[in-house]
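Asker: Here is what each chain is made of, one letter per residue.
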Amino acid sequence: MNEFLQALIDGVALGAQYALIVLGFVVIFRATGIINFAQGALVLLGAYLTYNAHVTWGLNFYLSILISMVLVAAVGVLIQRSILQLTFRETGGVGAGLLAWAIAQYAEIESWPAFGIGIAAGIVAWLLLWGIERRSSASKYNELPIFGAVMVTIGLLFALKQLVASVWGFAELTMQDPWVLSNLNVGDLSISHAKLWTIGLAIVGLGIFFVFDRFTKIGIAMRAVHFDQEAAVAQGIPTGLVFGVAWGIAGAVAGLAGATAGAGVAQLTPQLDLVVFLAFPAIILGGFDSPGGAVVGGVIIGVVQNLVKVYQLEAWGVGFDRVGIFIVMILVLMVRPYGLFGTPEVRRV
Amino acid sequence: MAVLTRRRNHRMVVDYADDLRLFGTPWKRVGLVVLVGLYLFVPVLFADLTFSWLPDIAQTAVQAFFNLNTLAYVGVFAIGAIGLNLLTGYTGQISLGHAVFLGVGAYTAAYVGNTYSWPMILWLPAATLAGFLVGAAIGPFALRLRGLYLVVVTLGLVFVGDHIFRNWESVTAGNTGVSTTAAEPVLGPLDFTGLELFGHEFTTEQSMFWLIWFFVALTALLVKNIVRTRPGRALQAIRERDLAAEIIGVDLSRYKIMAFAISSGIASLAGALYGALQLFVSPVDFALLVSIQFIAIIIIGGLGTVYGSIIGALLIGGLPRIIDELSRSQDLPGVGGDVGGVDGLISVSSLNQIIFGLAIAAVLLIESRGVAALWERSKLYFRTWPFTQ
Chain A
1 MNEFLQALID
11 GVALGAQYAL
21 IVLGFVVIFR
31 ATGIINFAQG
41 ALVLLGAYLT
51 YNAHVTWGLN
61 FYLSILISMV
71 LVAAVGVLIQ
81 RSILQLTFRE
91 TGGVGAGLLA
101 WAIAQYAEIE
111 SWPAFGIGIA
121 AGIVAWLLLW
131 GIERRSSASK
141 YNELPIFGAV
151 MVTIGLLFAL
161 KQLVASVWGF
171 AELTMQDPWV
181 LSNLNVGDLS
191 ISHAKLWTIG
201 LAIVGLGIFF
211 VFDRFTKIGI
221 AMRAVHFDQE
231 AAVAQGIPTG
241 LVFGVAWGIA
251 GAVAGLAGAT
261 AGAGVAQLTP
271 QLDLVVFLAF
281 PAIILGGFDS
291 PGGAVVGGVI
301 IGVVQNLVKV
311 YQLEAWGVGF
321 DRVGIFIVMI
331 LVLMVRPYGL
341 FGTPEVRRV
Chain B
1 MAVLTRRRNH
11 RMVVDYADDL
21 RLFGTPWKRV
31 GLVVLVGLYL
41 FVPVLFADLT
51 FSWLPDIAQT
61 AVQAFFNLNT
71 LAYVGVFAIG
81 AIGLNLLTGY
91 TGQISLGHAV
101 FLGVGAYTAA
111 YVGNTYSWPM
121 ILWLPAATLA
131 GFLVGAAIGP
141 FALRLRGLYL
151 VVVTLGLVFV
161 GDHIFRNWES
171 VTAGNTGVST
181 TAAEPVLGPL
191 DFTGLELFGH
201 EFTTEQSMFW
211 LIWFFVALTA
221 LLVKNIVRTR
231 PGRALQAIRE
241 RDLAAEIIGV
251 DLSRYKIMAF
261 AISSGIASLA
271 GALYGALQLF
281 VSPVDFALLV
291 SIQFIAIIII
301 GGLGTVYGSI
311 IGALLIGGLP
321 RIIDELSRSQ
331 DLPGVGGDVG
341 GVDGLISVSS
351 LNQIIFGLAI
361 AAVLLIESRG
371 VAALWERSKL
381 YFRTWPFTQ
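Residue numbers (the working numbering), protein chains in the order written: chain A, 1 to 349; chain B, 1 to 389.
The following block holds chain A by itself, in its conformation from the complex (with noise of 0.2 angstroms):
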């Protein structure tokens, strides 16, 4: 019994964090319509700039967490902007940002006058490009077919952990969280304070949302413009903000959702990422559309692989978890193909 009950409370703190990586999906599929894989590369830099902020500049760990939050949240706003939205002066800038920064970096430049170099070179080839599309009228829109953007954001999965492996290294890192090793006992089970904590900050965080989502006017919005896109933008509501402000939110729980992945008895290595995929029959079984679903789903994911991972048999073989929530998804499905939260969709004849 107390093994059960020690399973299903990890599970229930494993099912907490894939909850927050499936909100991060679920707010950008209801806005923008594309599965973002690059969601995995967001919380694996959300991981290590909480690393970067705790250890490398010493602030306390809840701050750094916040950081992280706030700095993938504009990674995430900037990716919107600059590569899906195609806008050609946003991507230009980025770029040359980037690349003048690399340069600086390289050319041993002090790393934070090479920050600021980047920010101005980028800052330039914006006004610049923004300069010639208006006198030539030469800006282009290119409409991306919902699944030619899902294969960028893949593409984007590669370069930014790249990215984040080349910045911080493949070595394993210690994330120096005030919760390691730390349990709570209650009776005989052991709870670690990493666990406490990772459910106790999805609870907060999954709140925030709700609460975003239900009663702000660009919640509002981004139902709206789930709902019916042309209608949206028939009643005046920008369009443009409302896929931003998704890609916002999706950076600061994948921030949120790295920082705990990170935290803990877990070390932090650039395969960190592998967790967003295993997030995916909890995607399924929520429905895609649905936030609700998201927690739903993640806790069930959760707690079934833990189980599995108790009480499965020898001969199924190291790491059956990981494919039995593969395979608990695969029936869901077979039963009811839009998840257990999802819209079905309508199809008319």
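Fair warning: there could be bad hints in the mix.
Claimed, not checked - Just a sample of chain A residues kept apart from chain B, beta carbon distances all over 12 angstroms, derived:
1. 56
2. 128
3. 131
4. 169
5. 201
6. 215
7. 243
8. 287
9. 291
10. 323
Unchecked claim - Residues from chain B that face chain A, not an exhaustive set, calculated with beta carbons under 7 angstroms:
11. 167
12. 171
13. 245
14. 248
15. 350
16. 353
17. 354
18. 356
As the list claims (entries may be wrong) - FRET-style restraints, in silico, Cβ to Cβ:
19. 50(B) / 176(A): 50 to 56 angstroms
20. 211(A) / 179(B): 31 to 37 angstroms
21. 203(A) / 147(B): 28 to 34 angstroms
22. 366(B) / 214(A): 39 to 45 angstroms
23. 225(B) / 131(A): 50 to 56 angstroms
24. 366(B) / 331(A): 23 to 29 angstroms
25. 38(B) / 235(A): 55 to 61 angstroms
26. 231(A) / 59(B): 57 to 63 angstroms
Worth flagging that the hints you see were computed from the coordinates, not collected in a lab.
Keep in mind it's a predicted model, so treat the numbers as computed, not measured.
We put the beta carbon where it would ideally sit given N, CA and C, even for glycine.
Assemble the complex: chain A is given as a structure, and chain B must be docked to it using the hints.
Answerer: Using the frame of chain A, we list chain B on its own:
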């Protein structure tokens, strides 16, 4: 009518047979001759060509790309990509599980080679058949699922496949991998580990090039024949709108399963050849990354075109080799070593993956229908000249 048939433009289609022609225009016939010529003479020509007249950097790049070993791997990629294009490009069923079928083919070939020492005339069909059957078994799952849900289920397939490859030790030898040397590429008197023809002895690389690109041509012809006839039109109808296809009488389940089975069979063929080329396969060779590479190949090359798959394979298969060789020999600034952060900003493999990722994004942003669309567009430009816009 007589006048019409005598003097008509070669692009004009007057009956069904015209529409079906594979090499309808004179230029296409010239192209065919050129391709056959390249196929026959590239291994002989490239064997001792050093491109020494090129500038240093270009020489390294050209040598890395026009290298028979690289081209043989490109051929394997091309076979798999043609199979995936049948499923994704023509039928519209996006699959992230393609690598698993490569694995099925490679492990089947290794197993029958090691256990029963079957000759190539048996192990190659056996591997293809295994992939065909597994694909046919997976196909029904795709009947109920559409779009992104299918993407995620096939993603799950990669994890399941990886688990099986790592744990079914009696067949796959687990994590360490299995040697495929027992499945010899020997076809009767033709030994492709070192061909002897007309008193000439050829190297393994030359022989494998001929073997693999023969199968590239074969699968290209097979898929082309499928898509230009009745089944192919049914598949494309499913891609455009499955509901409408069903109403005009296309048997959805039959054709979807057929597409899955044939596509996986071709992937397994590619996998078996991959094993013969590499002599050793392990679960790492069939990871998610490989599936994504195949998707990238057909998207960059062009969805729904056979030649696009081959162009895509040339780009995705060749680019990493060029970057690899360049960064090793030329000492590119900031790039160093195999491990990042040791003596440079970035490691070779990291740089490779960054460029791979950015290349996918860039091609899609420039022309979202791939290189094939660029080609079609430029053809259209010249055909309609001077009335082009």
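Asker: Hints first: check each against the structure and report whether it holds.
Answerer: Results for each hint:
1. 56: holds, 14 angstroms
2. 128: holds, 20 angstroms
3. 131: holds, 22 angstroms
4. 169: violated, 4 angstroms
5. 201: holds, 26 angstroms
6. 215: holds, 29 angstroms
7. 243: Residue 243(A) clear of chain B: closest Cβ-Cβ about 16 angstroms, beyond 12 angstroms.
8. 287: The claim is violated: residue 287(A) sits with its nearest Cβ about 10 angstroms from chain B, within 12 angstroms.
9. 291: With a cut-off of 12 angstroms, residue 291(A) remains clear of chain B, as the shortest Cβ separation is near 17 angstroms.
10. 323: violated, 4 angstroms
11. 167: Hint on residue 167(B): holds, closest Cβ of chain A at ~3 angstroms, below 7 angstroms.
12. 171: violated, 13 angstroms
13. 245: violated, 12 angstroms
14. 248: violated, 12 angstroms
15. 350: Status holds, d = 4 angstroms.
16. 353: holds, 5 angstroms
17. 354: With a closest approach of 5 angstroms, the residue 354(B) hint holds.
18. 356: Hint holds; residue 356(B) Cβ to chain A Cβ min 6 angstroms, cut 7 angstroms.
19. 50(B) / 176(A): 50 to 56 angstroms: holds, 54 angstroms
20. 211(A) / 179(B): 31 to 37 angstroms: Distance hint for residue 211(A), residue 179(B) is violated at roughly 59 angstroms.
21. 203(A) / 147(B): 28 to 34 angstroms: holds, 32 angstroms
22. 366(B) / 214(A): 39 to 45 angstroms: holds, 41 angstroms
23. 225(B) / 131(A): 50 to 56 angstroms: Since the Cβ atoms of residue 225(B) and residue 131(A) sit about 54 angstroms apart, the hinted range of 50 to 56 angstroms holds.
24. 366(B) / 331(A): 23 to 29 angstroms: violated, 42 angstroms
25. 38(B) / 235(A): 55 to 61 angstroms: holds, 59 angstroms
26. 231(A) / 59(B): 57 to 63 angstroms: holds, 59 angstroms
Of the numbered hints listed earlier, those contradicted by the structure are 4, 8, 10, 12, 13, 14, 20, 24.
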